[in-house]
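Asker: Protein chains in written order, with the working numbering: chain A, 1 to 364; chain B, 1 to 364; chain C, 1 to 364.
Some clues are possibly wrong.
Put simply, identical chains are the same to the list, so a pair is met inside one copy or across any two.
SDA-like mimics (lysine to any residue), calculated; alpha carbons at most 25 angstroms apart, straight line [said to hold, decoys possible]:
| hint | residue 1 | residue 2 |
| --- | --- | --- |
| 1 | 90 | 343 |
| 2 | 90 | 38 |
| 3 | 213 | 249 |
| 4 | 318 | 136 |
| 5 | 363 | 321 |
Note that these hints are calculated values from the structure, not bench results.
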Amino acid sequence: MQKPKKTDHKLKVESARKLSLKEIAVLVSGQVQGDPDSIICGAAPFENAAQDDIVLAESVKYLKKINETSAGALIIPKSKFESGQIDTPKNLIILDNPRVAFAKVLQFFVQGKNPPFFIGGISPDARVGNNCNYGDNISIAPFVVIGKNVKLGNNVVLHPNVVLGDDVVLGDDVCIYPNVTIYSGTIMGSRIIIHAGTVIGSDGFGFAPDGKKYHKIYHTGIVKIDDDVEIGACNTIDRAVFGQTWIKKGVKTDNLVHLAHNVTVGENSVIVAQVGVSGSTSIGKNAVLAGQAGVGGHLQLGDNVTIGPRAGVTKSVKSGNVVSGVPEMPHKLWLRVHALLPKLPQINKRLLKIEKILDKISKK
Amino acid sequence: MQKPKKTDHKLKVESARKLSLKEIAVLVSGQVQGDPDSIICGAAPFENAAQDDIVLAESVKYLKKINETSAGALIIPKSKFESGQIDTPKNLIILDNPRVAFAKVLQFFVQGKNPPFFIGGISPDARVGNNCNYGDNISIAPFVVIGKNVKLGNNVVLHPNVVLGDDVVLGDDVCIYPNVTIYSGTIMGSRIIIHAGTVIGSDGFGFAPDGKKYHKIYHTGIVKIDDDVEIGACNTIDRAVFGQTWIKKGVKTDNLVHLAHNVTVGENSVIVAQVGVSGSTSIGKNAVLAGQAGVGGHLQLGDNVTIGPRAGVTKSVKSGNVVSGVPEMPHKLWLRVHALLPKLPQINKRLLKIEKILDKISKK
Amino acid sequence: MQKPKKTDHKLKVESARKLSLKEIAVLVSGQVQGDPDSIICGAAPFENAAQDDIVLAESVKYLKKINETSAGALIIPKSKFESGQIDTPKNLIILDNPRVAFAKVLQFFVQGKNPPFFIGGISPDARVGNNCNYGDNISIAPFVVIGKNVKLGNNVVLHPNVVLGDDVVLGDDVCIYPNVTIYSGTIMGSRIIIHAGTVIGSDGFGFAPDGKKYHKIYHTGIVKIDDDVEIGACNTIDRAVFGQTWIKKGVKTDNLVHLAHNVTVGENSVIVAQVGVSGSTSIGKNAVLAGQAGVGGHLQLGDNVTIGPRAGVTKSVKSGNVVSGVPEMPHKLWLRVHALLPKLPQINKRLLKIEKILDKISKK
Chain A
1 MQKPKKTDHK
11 LKVESARKLS
21 LKEIAVLVSG
31 QVQGDPDSII
41 CGAAPFENAA
51 QDDIVLAESV
61 KYLKKINETS
71 AGALIIPKSK
81 FESGQIDTPK
91 NLIILDNPRV
101 AFAKVLQFFV
111 QGKNPPFFIG
121 GISPDARVGN
131 NCNYGDNISI
141 APFVVIGKNV
151 KLGNNVVLHP
161 NVVLGDDVVL
171 GDDVCIYPNV
181 TIYSGTIMGS
191 RIIIHAGTVI
201 GSDGFGFAPD
211 GKKYHKIYHT
221 GIVKIDDDVE
231 IGACNTIDRA
241 VFGQTWIKKG
251 VKTDNLVHLA
261 HNVTVGENSV
271 IVAQVGVSGS
281 TSIGKNAVLA
291 GQAGVGGHLQ
301 LGDNVTIGPR
311 AGVTKSVKSG
321 NVVSGVPEMP
331 HKLWLRVHAL
341 LPKLPQINKR
351 LLKIEKILDK
361 ISKK
Chain B
1 MQKPKKTDHK
11 LKVESARKLS
21 LKEIAVLVSG
31 QVQGDPDSII
41 CGAAPFENAA
51 QDDIVLAESV
61 KYLKKINETS
71 AGALIIPKSK
81 FESGQIDTPK
91 NLIILDNPRV
101 AFAKVLQFFV
111 QGKNPPFFIG
121 GISPDARVGN
131 NCNYGDNISI
141 APFVVIGKNV
151 KLGNNVVLHP
161 NVVLGDDVVL
171 GDDVCIYPNV
181 TIYSGTIMGS
191 RIIIHAGTVI
201 GSDGFGFAPD
211 GKKYHKIYHT
221 GIVKIDDDVE
231 IGACNTIDRA
241 VFGQTWIKKG
251 VKTDNLVHLA
261 HNVTVGENSV
271 IVAQVGVSGS
281 TSIGKNAVLA
291 GQAGVGGHLQ
301 LGDNVTIGPR
311 AGVTKSVKSG
321 NVVSGVPEMP
331 HKLWLRVHAL
341 LPKLPQINKR
351 LLKIEKILDK
361 ISKK
Chain C
1 MQKPKKTDHK
11 LKVESARKLS
21 LKEIAVLVSG
31 QVQGDPDSII
41 CGAAPFENAA
51 QDDIVLAESV
61 KYLKKINETS
71 AGALIIPKSK
81 FESGQIDTPK
91 NLIILDNPRV
101 AFAKVLQFFV
111 QGKNPPFFIG
121 GISPDARVGN
131 NCNYGDNISI
141 APFVVIGKNV
151 KLGNNVVLHP
161 NVVLGDDVVL
171 GDDVCIYPNV
181 TIYSGTIMGS
191 RIIIHAGTVI
201 GSDGFGFAPD
211 GKKYHKIYHT
221 GIVKIDDDVE
231 IGACNTIDRA
241 VFGQTWIKKG
251 VKTDNLVHLA
261 HNVTVGENSV
271 IVAQVGVSGS
281 TSIGKNAVLA
291 GQAGVGGHLQ
301 LGDNVTIGPR
311 AGVTKSVKSG
321 NVVSGVPEMP
331 HKLWLRVHAL
341 LPKLPQINKR
351 LLKIEKILDK
361 ISKK
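Sequences are here, hints too, so could you generate the full structure?
Answerer: Below you can see the structure in the form of structure tokens.
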């Protein structure tokens, strides 16, 4: 096993915070095995943990070598523990969903750290329009530009060079990273993170051709983003023609995602990097769109739909279905199709052989 | 039918402007049926219109339920009206291209509204290099940075945090949204819109390998953008090695489009989101490149070419052709190929069955 | 042949610098044929060169018409010269790798030109955090925001609206174009170029679902970029969960490239526009990922691997392999598969014909 390298850069979260094992058990609603008073100062990857770190050991790969880590404690799945597969003198936190528990512990230690950019107070180098309205504990960085009639909730953080158009509304605990542009009228809920370079509320792509040129169809609607959404870097989310493009509660998008005008993304749906969704398409709850997929316009994707990576979706998909490929098809069928594609040259040869045989037969 | 919800957010364009039906007919060159003096105050979607709104009813879907809308007037296609399919006491505007007419009416009402970001005057917080030259009625927002020898026409609007390199030239009525970067030497015509986050004039991707490392090929050319172009958010348009990357009159691009060095896009061509065009490729007039398509380098795409969504184009395409797929093929062929792809497992089974039969025959 | 148009915009590099042919030979380690004292003032494309320009004539296409250019000198491949294919009274620079030589000559002339944005000194309109540390000859443009504990080497250029988070380290000769965001903790080497709009160090896309909602997995690692890297416009490169996302020496990326958390890209690898690489994937040295390809997570791509355009890579690829397609397969196999895909309708017809014949036979 690789020796722990305590001096490697950032291989663990350094934090001034500490937790005893029993405090961690309370935080994540888990059981303790071992010394409940042992102290944990950080979280780390399995291979590089120190005596005061906690690590995640979820997969069989790690559970097999559980006694090889230097970590002071491990978070492990209850199912594996109860089936008697785990034999160790190590301190353990045992529960159903170790990944969620690890996310919570990590979050605890990270909050003792500095934020990624300076925050605190309203910079004299920000420019704010008339009739704006702020909550408490606002942070507005230098060179932020805010239009008029803008409302910001409590604990909003606007990083450098963020631009908010007129009439934008942000709820509480919204964090917007540098160089983000939010066009006028955008309405956001609370606990939202928008990563750098993203553009929200740009005009949708709508033009009426008269045979000679294109007439711009003005987009008079807005973008609405509900609570607990996180948007990745360099996303583009267009405003609606009328009404709203709507990103519902708990949605997470990766980087370079494109959501066109009047798209709706349902609660807790997840959209991976470089996906594009065309205009007026509606996506249900708990959907997953894997990387680089494309979805056509005016389609309905139901709840709990999964779209495979690089799929090209041209028709509506019913709730619960898993589709992949171009054109999209049931995922299991697609697996068989994709196994056969590299065999097309063989298929062709087999056909030629058969044709020859039949030719001989017919000559007889 | 859904009840009109007059209080819904932004379901119509609110505007201080008004038009009588006969004034609308003049604006869009259409015929009036009904009361020419009735007053229209806004445009709205079919389902949510009020008595003083005008709506678009172009498709059979809407024309069938024409008497169900609360709208004060409808814009409808002449062909459907003349064929006697439409029977209504409603006020109508009748013409060949209702979509273009609706775009014009929408534009009229939108112009009575506030712009998406504050405009007006030259901010003392902008920084402008030596020897720049402005037209009338210029608007330069805070934290805009302009290089030297830059020329701006009349009515140019530069939104916050826009950066223009040295020697950039913009014509009249150009609007550049926040956080756009335009490298030195870029030349633009008039009536151009560039959405937020876009980068124009970055170095093309050219490197000469010597077997050990890559030597940068400096890109000494520029990007030239002609009149009436609209570029979406987060596009990247690279400068030429020599000469120019050239976006011709009336071109429209959606979001996250990549146009490499020395690409030419012909007049009134339309490029949908996430398309990438490789270096030195030339696209003709009135072409349509659908979403997520990719086009190889040094190719010629003729006039009126259509490239299907997610197509991967590896060869030149003659004028008027419609191609789809990877590899690209005539669209009609591609439809048949795509219908057969999910049947590959069946094709394989049929082959196996035939082989068994022939095996039996040969054994006899 | 097209007449040279000396007045065309930017069809050559204009420069105050001059070189004699023998000086060029020294610069690029080539042989001279012709007048070693003739003076060259710029580089140009073959078709548009003037008497004092040098041009590249590498391909047979140009070598055939070598006497038709107006250029004062040509850079040509030694292999073609030695095989006696070239007969010309023109001044020549002869060597093994004319493309690299042309890149070097171009670089020489370009350095006499102005940079794409104003540089020089530290702007009073930049905002810098506490405890920062600069080398010599730094250039920081207006509206740049720098966090605390940042270290900049010699000759660093930060263009307008660049934002650097806390604890960022940049080596010597780093050039960062406008509107780039670099999150805290990012560590860069020397001679690095980052094009406009790019985001480095944003949180990776990691969430732990509990069945009801997603818990954010905090990304506590960094992005590390080694010497001689060039990153295109609007890239997104995410920070690691633990440890680092690592872009090694000499890597070049095109525009709109996405590199997820904990990705490693090996030395001198090249990533073309709109490629996406999923989390924890490792790419070896001298790899080439062609445009719009996608690579799954937790994969190993070896050294000298080539991934075809639009390929969807789902499995690890061994060193030296060339793969294409979706799913990825050996490139040569893929060529055959792609030649057969448009023939699927014919294959289906052939099968139907065979089935009919067999049906007849069986009836006999």
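Asker: With reference to the structure, classify each hint as holding or not holding.
Answerer: Evaluated hints:
1. For a Cα distance limit of 25 angstroms, the shortest separation of residue 90 from residue 343 qualifies neither inside one copy, at 51 angstroms, nor across copies, at 54 angstroms.
2. Only within a single protomer do residue 90 and residue 38 lie at most 25 angstroms apart by alpha-carbon distance; the minimum there is 11 angstroms, versus 79 angstroms between protomers.
3. Taking identical chains as interchangeable, the C-alpha atoms of residue 213 and residue 249 lie at most 25 angstroms apart only when they sit on different chains, with a minimum of 9 angstroms there against 40 angstroms within one chain.
4. With identical chains, the CA atoms of residue 318 and residue 136 are never at most 25 angstroms apart, being 44 angstroms at best within one copy and 56 angstroms at best between copies.
5. Taking the closest pair of Cα atoms, residue 363 and residue 321 never come within 25 angstroms of each other, the shortest separation being 51 angstroms inside a single copy and 43 angstroms across copies.
Consistency note: the structure conflicts with the earlier hints numbered 1, 4 and 5.
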